[in-house]
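*Asks:* Chains as they are written, first to last, in my numbering: chain P, 1 to 220; chain R, 221 to 460; chain U, 461 to 681.
In case anyone wonders, no lab produced these hints; they're calculated from the structure.
Chain P regions said to be covered by chain U (calculated; three or more residues, Cβ under 8 Å):
hint, segment
1, 57-69
2, 82-89
3, 180-192
Here are a few chain U residues that face chain P, going by a calculated C-beta distance under 10 Å:
hint, residue
4, Ile525
5, Gln640
6, Glu648
7, Leu663
Ranges between beta-carbon positions, derived for each pair:
hint, chain 1, residue 1, chain 2, residue 2, range
8, P, Arg51, U, Glu675, 20 to 26 Å
9, R, Asp388, U, Arg512, 40 to 46 Å
10, P, Thr185, U, Leu487, 34 to 40 Å
11, U, Gln580, R, Gln431, 46 to 52 Å
12, P, Ala92, U, Gln580, 48 to 54 Å
13, U, Glu675, R, Val459, 39 to 45 Å
14, U, Arg584, P, Leu48, 38 to 44 Å
15, U, Asp524, P, Asp17, 26 to 32 Å
16, R, Asp281, P, Ala92, 54 to 60 Å
17, U, Leu487, P, Trp8, 36 to 42 Å
18, P, Gln27, U, Arg527, 19 to 25 Å
Beta carbons are placed, not taken as given, at the ideal position from N, Cα and C, and that holds for glycine.
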Amino acid sequence: MFDYNFHWRPVMRDLPDLIEAGLLTLQVASLAMILGILIALGLALIRLNMRGPLNWIATTWVEFARNTPALFQLFFFGFGLGAFGLHLSPYAIVLAGLTFNCAGYLAENFRGGFQAIPETQMRAARSLGMTATQAYLRIVIPQVLRIVYHPVTNQMVWAVLMSSLGMLVGFRELSGETQFFASRTFRIFEYFAVTAVIYYVIVKIILGASRLLASRLFRY
Amino acid sequence: MIEIRGLQKYFGALHVLKGIDLDVEKGEVLSVIGASGSGKSTLLYCINGLEEIQGGQVEVDGQNVHAKGADLNKLRQKLGMVFQQWNSFPHLTVQENVALAPRIVRGLDRKAADEIAERQLAHVGLGDKLRVYPGALSGGQQQRLAIARALAMEPDYMLFDEATSALDPELVGEVLETMRMLAEEGMTMICVTHEMGFARDVSDRVAFFHQGVMEEIGPPSQIFGEAQSPHTRGFLANVR
Amino acid sequence: MSQPISFFSGFQPSDLLFLAEAAWRTLLISGLAISIGTFFGIIFGWLLYEGRIWASLTLAPVLDIFRSVPLIIQLVLFYNFAPILGLNLDPFASGVVILAIYTAALVANVARGGIEAVGQPMRRAARSLGMSYWQDLRYVALPIGGRAVFPAWVGVALGVMKDSALVSVLGYVELLKASQILITRTQEPFLILSIAGAFYFALSYPISRYAARLEQRWAHA
Ligand SMILES: Nc1ncnc2c1ncn2[C@@H]1O[C@H](COP(=O)(O)OP(=O)(O)O)[C@@H](O)[C@H]1O
Ligand SMILES: [Mg+2]
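Take these sequences, add in the hints, and give me the full structure.
*Replies:* What follows is the structure in structure tokens.
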């Protein structure tokens, strides 16, 4: 049917390297998610409870993260900051870009999560003598986490998929590594096909792990 | 003892409590009745410092609730509160709901806190629900859970804010029964309620609130028998 | 032509036109892909809802693949696979095909959610009024379900519009690719990226706000 000969041998030879690059993908995505979650919590709380310049900054962050392409954001942390003499390594560019993006999207999820917890929960906790911090940590945030659990899982998947943009800023995560090998051997299709499978497996593992964790975490 | 003097409360321009004077003695059961919006809930929130006040003062056992630097978290341990919406913590089991505050507020170890929880839950008739999540309980059971949760702090006073108003009619009885039991055990209670039967039978005194003013206070026989204020009579005529 | 001394050396007014044309190409490719993708996405969503065994065995996993592999990989794969099949597609056509399939995969889920949102009881009520299956779909399921998922669909559409930036890897000169070209020439990355970002933002922000407002209004209706 095709007058094209598929050559899978070079890909198979480089498979260990690709899988290792897959781990780097997972690493940078996880790190971006951890940072993103922490920042998003801050952004959400600021947007809910504060006025003035901090609120303005948080809103700007959220809107730019959500209304411009992720690739644009990566470029910005890449050569955009270069204009100010700030040259980040490819790893740092991807990490910063993903973190910025994830924090913006998660902040809106968290904001919705906080708004979904009735104020009476806070009152009940305070009436038992809990401090505001205790009430937040023990009563409000655990419930918010449950509400945002699925959005956070989805965002983790997005972070993995988005990290593939690293290939366009010279970062050798899974896609970058694939491009490197592919351009060396010219077996572009074969390499990227295998990489697609690896991404698929990574995504399935994340979703599976998330489901498993949810069943242990949320009994109610 | 709770002593309230000249209490003024505003929400912005809205004058909600207009100079309330009220003493509640140790061991007393006071019922607070009045139309919706008359300031009953706000009164309770001012007593345990969940709301700030704009004038007058509230003292609990001689301690000024609204003084600068008052240790409200300490004070609230003395004042258990049960709300209209049964706001159990949905992410914790029934036992954890009760044991959490003793552990993190009173500083008890897990074992002691769990024991208190078991004891208080048995007390309100939920001894067989320890490992269940509140979502699986009926409204009446959740409200009894809220009572147990407040009692686990071993408070000296209990504030009830329409504890039965959000319940289906057939579930009201079990909660009133629990409240009556507490009253008989000598708990000092302020009960905002629409249950006139409870107010009449269980309380030592009944206070009638009307548009932010405590119009009338006295023993149930007086309020329900020979109310002075036309507002009181009008209100009672309508609820009965 | 004498070059006036400019604060932004190298960036000329004509470059703005170049960027505007590129922005138009961004709109063109995403508009086309979103239209085609939405059309097929609704059909797929309906097939999934109807839950024919073959649909959940074949269609669902295939759509799932398009949601689980980075778009950029899909683009590179397809661009290199088409010639193997003997197709000679230019970057634009390749971009439209992949973006449309990608859109369809996302819209399928949204559409199924919409039909589910209508709920069996309401549809049964419609059928009991003597409506045919198609009348029920046309007059009950689509309007009600459409409302329920319109904001989600806007989210997908805006996402695809932003993701169309990735077609630049195939060499299609849309907005972001145009910016890159200009940056290389002028060495004014900050200025040019700001302009490109403003273009995207101006496209996306008003629409997303509008969708959010509609969602709120409908939620209270
Ligand atoms: N947090 C608040 N902000 C503004 N107004 C409030 C607030 N809480 C209560 N109010 C107003 O104060 C008045 C008294 O309310 P409340 O104490 O809840 O009355 P009751 O419990 O007797 O029904 C009402 O007019 C109510 O609308
Ligand atoms: Mg009230």
